[in-house]
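Modelling step: build the complete structure from the supplied sequences, incorporating the hints.
Number of protein chains: 2
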Amino acid sequence: MADGLGARLETPLFEQLTLIGVGLIGSSLARVASRKGLARRIVAYDNDPDVRAKVERLALADVVSPSPEKAVQGADLVILCAPVGAMGEIAKTIAPHLAPGTIVSDVGSVKEAIIEAVAPALPGHVHFVPAHPVAGTEYSGPAAGFATLFLNRWCILTPTPDIDPEIVARVESFWSAAGANVEIMKATHHDLVLAITSHVPHLIAYNIVGTAADLETVTQSEVIKFSAGGFRDFTRIAASDPTMWRDIFLNNKSAVIEMLGRFTEDLIALQRMIRHEDGDGLFKLFTRTRAIRRNIIEQGQETAAPDFGRGVAKDTDEER
Amino acid sequence: MADGLGARLETPLFEQLTLIGVGLIGSSLARVASRKGLARRIVAYDNDPDVRAKVERLALADVVSPSPEKAVQGADLVILCAPVGAMGEIAKTIAPHLAPGTIVSDVGSVKEAIIEAVAPALPGHVHFVPAHPVAGTEYSGPAAGFATLFLNRWCILTPTPDIDPEIVARVESFWSAAGANVEIMKATHHDLVLAITSHVPHLIAYNIVGTAADLETVTQSEVIKFSAGGFRDFTRIAASDPTMWRDIFLNNKSAVIEMLGRFTEDLIALQRMIRHEDGDGLFKLFTRTRAIRRNIIEQGQETAAPDFGRGVAKDTDEER
Ligand SMILES: NC(=O)c1ccc[n+]([C@@H]2O[C@H](COP(=O)([O-])OP(=O)(O)OC[C@H]3O[C@@H](n4cnc5c(N)ncnc54)[C@H](OP(=O)(O)O)[C@@H]3O)[C@@H](O)[C@H]2O)c1
Ligand SMILES: NC(=O)c1ccc[n+]([C@@H]2O[C@H](COP(=O)([O-])OP(=O)(O)OC[C@H]3O[C@@H](n4cnc5c(N)ncnc54)[C@H](OP(=O)(O)O)[C@@H]3O)[C@@H](O)[C@H]2O)c1
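Protein chains in written order, with numbering that gives the first Met the number 0: chain A, 0 to 319; chain B, 0 to 319.
If you're looking for bench data, these hints aren't it; they were derived computationally from the structure. Check the hints yourself; a few may be wrong.
Given that identical chains are not distinguished, each listed pair holds provided it fits within a single copy or across any two copies.
Pairs of lysine to aspartate or glutamate residues, derived as DMTMM-like cross-links and limited to a Cα-Cα distance of at most 20 Å, are as follows [said to hold, decoys possible]: (1) K252 / D277; (2) K252 / D279; (3) K283 / E264; (4) K283 / D213; (5) K185 / E215; (6) K35 / D75; (7) K283 / E137; (8) K252 / E276.
Below is the structure:
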């Protein structure tokens, strides 16, 4: 098929998929679930009435529910797609309304803190399989989602040891059918991996944009004009949703601080090389970092187009 | 015109443009000069015989010269497009062969160190107008260039006070005709502005890619797989040419160290907010950084397409 998602399933994997939170990630899940026929019925709830209205207007779900309690009734798969800090409360609210055997999952960007908040709130007769699709854009809300968001991206599952492997396999099939590659790991390891591949990069991006905004010797207008020298790359991820990212840093504190410590240590060594004009040391680092990008491109996680293909994207924009 | 560069000039601005160094920037200049008719004749020299052969094959210049001395003969505009560290030597080599009244310019990413290295080497009868087009990609070499590289980007001129304003105006016309917006400022100010908009961002990108490569708890393969969480954005600029960037850091030492000091100070404050779970402080920073990106997009220095329009670029790649 032209969108790369392949044919619609002949038999849905679930009877009713309920999504709690229908922003970028939740709405992308709704779209791909409907496009691929992953569930016979899609029910959605979001605590923002505007979002619920938009979801109706965009016809992203079969039913838009007025409450989380109602939304989960009849579901055999519930996926929590709200900010990390809201997951525990949502679990408490929906717990009494979950049918025995229901699979509860989530898409939160941190995993240990979510397990700690959600697992104890759920009844013993449901299965909790934490998940994190490593895919996104800098935009949020239901209009920003699209069905191919997860295509060729990785989704990490972090089930606790007590979960039946067959249940995990069902969640795995769901994500595979949505186009993702699935990897299973421990929640603590997930949090460490994501600290370096996502959380610290975001923190650094937010930080340099903040530093640039606070300068007295260089004006904001100069920063904007001359941003094509590299700075603008950082502003993309520093434009991500503030609530989402506040929650991530508050909930993955120790892994982020650990990775940040290493980053700062290395940066200070690099600063020392500059101060002492160690050209060879700089050249060595600048050479070895190229290999990683090559690998990321080869493994289909990045485009090889110069400048991320920005030119191409711009032309397309103008044609719209 | 379809490429956005507008009509070819009726009368060329210069008789002979000589380019010394024909990599990404030099070859893009050759392309736009020929596309727009900026000079009656384009002569090119590069100290790499392979590059010279490629420039011949791609027919980027009217003449590919076997030596810099020969290349500058007959030129009324000479632009040095070699790495920053090579500029001083090139100036010494060509100095005796420059005709009176010749304008010498460059495209180096730092300005004060280049003025110090180049100006004293040139004879009194030529005019030196240092320039820096703030445009580029992560690729290098003559095949990577394209005529629209400078279109809607800024080119900064940093003439010393002794230079005739009419001469500066001629260089300004050249860059305007190449599609760029021109700004004039002091070399020291340029170096400070670029330290924050380009040099420190590159340093940070190189650094985090290095930090990730050195981890023991997270494998390189995990870093690559899960790079779509943000990390891959940094690898683009960390794949830039090592020689070019070594030279930049060695030649803009004090401005880079100054800006890096501020960055690190801010980062440590941010780390402290995380440690003390100051959610409001984090939220505030993450909110105010969004405005800068909005401005960059509004001023035409960046695409508004989600994810830089990577998806669009990828499709194009696959069609090739
Ligand atoms: N964006 C990414 O790149 C990305 C990638 C992977 C995973 N994730 C994770 O995915 C989750 C959602 O992110 P997103 O990007 O989709 O965010 P989003 O676009 O901001 O959507 C989140 C939605 O959840 C709603 N919500 C908040 N609290 C709720 C509650 N108690 N009950 C029901 N709905 C609630 C929000 O409504 P309000 O308008 O009231 O806030 C909003 O509409 C987060 O946990 C995030 O960590 C994000
Ligand atoms: N790339 C960017 O994003 C960017 C943006 C703005 C400004 N600049 C500046 O533009 C200049 C060129 O950068 P670039 O990206 O075009 O680099 P590039 O693609 O690597 O090209 C530089 C070329 O100059 C040649 N060269 C080196 N020393 C020389 C010498 N003594 N005489 C003649 N040619 C020599 C190199 O040959 P070898 O193969 O022998 O090295 C190479 O072919 C640098 O000063 C850089 O700071 C770059």
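Against the structure, the hints come out as follows:
Within a single copy, K252 and D277 get their C-alpha atoms only as close as 35 Å, which misses the 20 Å cut-off; across copies the closest is 11 Å, which meets it. Proximity of K252 and D279 under a CA criterion of 20 Å is satisfied inter-copy only: 15 Å between copies versus 36 Å inside one chain copy. In this homomeric assembly, K283 and E264 come within 20 Å of each other (Cα to Cα) only inside a single copy, at 18 Å, whereas the closest approach across copies is 26 Å. In this assembly of identical chains, K283 and D213 lie within 20 Å of each other by CA distance solely across copies; the values are 14 Å between and 33 Å within a copy.
Taking identical chains as interchangeable, the C-alpha atoms of K185 and E215 lie at most 20 Å apart only when they sit on different chains, with a minimum of 16 Å there against 46 Å within one chain. For a Cα distance limit of 20 Å, the shortest separation of K35 from D75 inside one copy, 18 Å, qualifies, whereas the shortest one across copies, 65 Å, does not. Proximity of K283 to E137 under the C-alpha cut-off of 20 Å is restricted to the inter-copy arrangement: shortest distance 17 Å between copies versus 33 Å within a copy. Taking the shortest Cα distances, K252 and E276 sit within 20 Å of each other only across copies (8 Å), while inside one copy they are farther apart (36 Å).
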